[in-house]
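There are 2 protein chains.
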Amino acid sequence: MTAPAARRGRPRNEDADGRILEAARKLLFERGYDRFAMDEVAARAQVAKTTLYRRWPTKDHLLVALVARIQDEVPVADTGDLRRDLVVYLTAVATGLNGMRAVGRPGAPGDRSAGVVAELVAAAARHPDVGDAVRALFARRNALPLALLDRARERGELRTGCSSELVFDQLAGALYYRLLVTGEPIGAEYVEELVDQVLVGAAATPRPDPRPERT
Amino acid sequence: MTAPAARRGRPRNEDADGRILEAARKLLFERGYDRFAMDEVAARAQVAKTTLYRRWPTKDHLLVALVARIQDEVPVADTGDLRRDLVVYLTAVATGLNGMRAVGRPGAPGDRSAGVVAELVAAAARHPDVGDAVRALFARRNALPLALLDRARERGELRTGCSSELVFDQLAGALYYRLLVTGEPIGAEYVEELVDQVLVGAAATPRPDPRPERT
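Here the protein sequences line up with chains A and B, keeping their order.
Residue numbering for the first sequence follows our numbering, starting at 1 and increasing by one per position.
Residue numbering for the second sequence follows our numbering, starting at 1 and increasing by one per position.
Honestly, I wouldn't trust all of these hints.
Stated by the list, open to error - These stretches of chain B come out as covered by chain A in the derived footprint (C-beta under 8 Å, 3 or more residues):
1) 117–127
2) 135–143
3) 150–159
4) 168–174
What the hints assert, rightly or not - Here are the computed distance ranges between Cβ atoms for each label pair:
5) A/A139 to B/D150: 33 to 43 Å
6) A/I70 to B/R105: 25 to 35 Å
7) A/G156 to B/G18: 38 to 48 Å
8) A/R55 to B/G110: 19 to 29 Å
9) A/P75 to B/T79: 22 to 32 Å
10) A/E22 to B/A77: 46 to 56 Å
11) B/T58 to A/P185: 22 to 32 Å
12) A/P106 to B/A136: 17 to 27 Å
What the hints assert, rightly or not - Chain B is faced by these chain A residues, among others (derived, beta-carbon under 7 Å):
13) V76
14) A114
15) D169
16) G173
17) Y176
18) Q197
These aren't lab readings, by the way, just hints derived from the structure by calculation.
Just so you know, these numbers come straight off a predicted model, no measurement behind them.
Glycine included, every Cβ here is placed at the ideal spot set by N, Cα and C.
With the sequences and hints as input, model every part of the structure.
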């Protein structure tokens with residue numbers, strides 16, 4: 001049941017939050033990190049600047065909340081087929097990261113910049129409260145793929161001696177390392193190879209080579 | 001043979017480079033990224049500012065050269081024992097990354113910031129020429145551990161279907177992911193677990209669980 005009175009007058013906080021985050025998303029993708037301005041977000045979302053700054057004191061705080069919203073739009077399915085579920089999830093992560101590379105920039109071919117993800121990594125390192133927010137975001141989000149791995153271990157598919165965290169570090173780590181450090185591409189084929197490779201290492205019973213020598 | 005004349009008068013370029021890089025190293029560790037100033041480097045290295053800026057136009061360019069110098073101080077041994085060589089090398093990498101976390105900051109206990117590494121990642125994303133320099137740096141440096149993995153494959157220890165790049169992405173990726181994203185610690189025990197886990201996945205013949213269930 002909804003109380004009609006709540007729909008009248010000033011919008012409820014969650015309405016304002018939603019409008020702010022959607023305005024922030026559009027502005028970020030139009031402008032990129034450098035030219036992303038809080039005042040413009042407030043104007044587009046039709047909220048008072050004080051409302052915006054009370055909720056998110058800097059653009060980095062707001063962008064962390066936006067990343068949380070974007071991450072939450074990627075489902076983490078548990079179909080019982082661990083390989084497939086990991087490939088689907090990590091392909092979506094890679095697509096999201098690749099999309100963030102070109103945000104607000106002309107996106108020239110061969111552009112290997114990590115884009116806005118690198119800016120948020122630096123903001124997290126610079127400001128302890130932004131860092132706390134980023135780490136909380138990833139802890140919350142990573143709980144979903146970690147649970148996938150835990151359930152596969154309960155089904156006897158993964159070795160008991162190898163932790164889900166270690167397995168997930170190898171998977172997500174490889175994608176972020178390519179994005180942030182080496183600039184190598186992270187495409188769908190790479191994600192499949194990576195998942196196959198990591199699952200050989202994590203399997204409860206020795207598995208045959210998923211990619212035998214190509215002759 | 002050295003020509004005595006070359007020792008007199010203005011120092012040769014490599015002397016100036018060395019003095020600049022050593023001054024940069026000291027200043028970075030004293031001050032951190034934010035308060036690292038090029039003019040101060042020139043003064044301490046006793047070189048003209050024009051000399052410094054001609055060689056490295058911004059502090060990010062200079063810091064990439066400094067990271068190259070620091071990386072080159074870490075040897076990559078090839079003793080024929082792949083597991084040991086990887087553990088030694090990656091422990092040194094982790095120690096270096098942990099050291100960079102606290103550079104120029106009070107280093108409070110529980111501080112999980114990625115520090116100056118995150119700043120360089122952001123600079124690489126922001127400025128195409130810094131990005132090119134960082135990627136060239138890692139391509140050059142990573143050639144050494146990649147060669148270790150290639151030689152182990154030639155000895156029949158690693159599967160032919162799994163590329164050295166993919167194996168190394170899992171190793172280095174996990175360390176950088178913890179440093180830059182989740183803020184989890186990267187200690188010596190973690191490095192050993194990681195190497196064991198990745199080598200199970202990469203082994204030519206199915207290997208037993210290196211870490212059976214602890215009861």
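Hints, verified against the model:
no., hint, in the structure
1, 117–127, "holds (count 8)"
2, 135–143, "holds (count 4)"
3, 150–159, "violated (count 1)"
4, 168–174, "holds (count 5)"
5, A/A139 to B/D150: 33 to 43 Å, "37 Å, holds"
6, A/I70 to B/R105: 25 to 35 Å, "31 Å, holds"
7, A/G156 to B/G18: 38 to 48 Å, "58 Å, violated"
8, A/R55 to B/G110: 19 to 29 Å, "27 Å, holds"
9, A/P75 to B/T79: 22 to 32 Å, "47 Å, violated"
10, A/E22 to B/A77: 46 to 56 Å, "54 Å, holds"
11, B/T58 to A/P185: 22 to 32 Å, "27 Å, holds"
12, A/P106 to B/A136: 17 to 27 Å, "23 Å, holds"
13, V76, "17 Å, violated"
14, A114, "4 Å, holds"
15, D169, "4 Å, holds"
16, G173, "3 Å, holds"
17, Y176, "5 Å, holds"
18, Q197, "5 Å, holds"
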